[in-house]
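Novice: In case you want the letters, here they are:
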Amino acid sequence: MTASLTNVEVDYRGRGRVLGPVDLAIGEGEIIALVGPSGCGKSTAMRLLAGLEQPTRGVIQRQAGRGETSLVFQAATLAPWMSAAANVALPLELSGLDRRTARARASEALARVGLTGVDASRPAQLSGGMAMRVSLARALVTRPRLLLLDEPFAALDEITRRTLADDVLALWAELKPAILFVTHNVEEAVYMASRVVVMTSGPGVIAGEVAIEAPLPRPAGFRATETFRAAAETVSALLARGMERAA
Amino acid sequence: MKSLTAIAIPLVFIALLLAIWETVCRLTGVPAYLLPPPSQIGVSLAEGWPLLLSSAWNTLFTALTALVVASLLASSLALLTALSPVIERAVQPVAVTLQVTPVIAVAPLVIIWAGLDHPERAVVVLATIVAFFPIFSGAVTGLKASDPDLERLFDLYGASRLQKLLRLRLPSAVPFLLEGHKVAAGLAVIGAVIGEFVAGSGGAQGLAWRILEAGNRLQTARMFAALFVLAVMAALLHALLQMAERRALVWWRGR
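Protein chains in written order, with our numbering: chain A, 43 to 289; chain B, 51 to 305.
Hint data in this document are derived by calculation from the structure and do not stem from the laboratory.
Just so we're clear, the structure is a prediction, and the values are computed from it rather than from any experiment.
If a hint is listed, it holds; no wrong ones were tucked in.
Listed below are several chain B residues computed to face chain A (Cβ distance under 8 Å; list not exhaustive): (1) D197; (2) L203; (3) Q213; (4) G304.
Virtual Cβ for every residue (Gly too), placed ideally from N, Cα, C.
Whole structure, please, built from the sequences with the hints as guidance.
Specialist: In structure tokens form, the structure reads like this:
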């Protein structure tokens, strides 16, 4: 077990209950997709797992400690005044690693996400897809045990999105972190995850789970298989039912 | 070609205005102490050139000194408020009250405090007061303007308060600081002129003093000449700072 939420509830002042009760466990090296409508508490669940927010009630357990959890947001969230390599090296430098070693490891991480020769480039000089890769490299440079992706591809075009999804799976095969990623996209969820968790809003609870019975990383043409289609339909049905109930 | 037109249009407009002005003065025979024709202002400018230039340098030097002092004071105070919410709560109301008090009303007090024998000091203090606020509020806003998701990442990576300040909040504040300094530079010139007016003595031999002096002697053409030099100086300073701001932003953003 890498991390878990047990009976977790979150109340916001003025808004009442926004999440819970929720039970969610992420196993070692597991990839979980969290899908659901906007405002169903997906991002809150993610911040709880990252330790950036505290629950009102319930228990959060994290095996992955500080420095072993990484987070990628919908936007690349890079510091514009730093080079790509400096952005990637930041988590290492903040944890006290010397600058030269940190930069060397940042270069390696950039190469691993398919970016070479951009070490000195500033975020503004990179395309959206490249900036997202830099963000991914920054998340991977600490060799995390838990990787949290908050709608990481939402702002990208379809082709870049699919390429990055494959890249994330390839990186997962290499480093085997547990991954929890939030998405609005059912197909992306089914393609990338070993388990899809569907949430509904008002307050955010888990409406159901669908296990995707196919080995990871997914073979080429997986999107055309019956397994993929059936899983996507089940997830869509769960989402639709959840939305009806919320309405 | 486009930029040439952009420069030519205002120049032609100004030439037209001057021509109308000159013609009206000559046709109506309005006395020169009331409204001197541009040609006479030009003569006055040519004759008084060395004195006007040294006066302009005095005013500019006062404004720049004030800008440097204001920059140091405002940035340090903003940094203190960023470090402690208690300091921020204590300082903000005082800062706002001082800001809305017209500087001209404070001037006589400053002149007494700075010493009646040193009007130039009083002028620097007054210009500093005026230049202080845009830098201070820019810095305070800028220090709070960092990307909340980047802040979350810094928290996730266990950054200390100092690391967050040095590596996130200060760099995030750069565009706001640049803007604040640009506005402050213009205001520092205004502050210097107000200070010189209120000090009202030959101790501070700036352009405002030249205007006062010429006004007292009804040398209206000289007043206009000094005013012209003042306007050109302020415009040049503004253009210079705007260019510096643009360059600095390119460096900050990398593009």
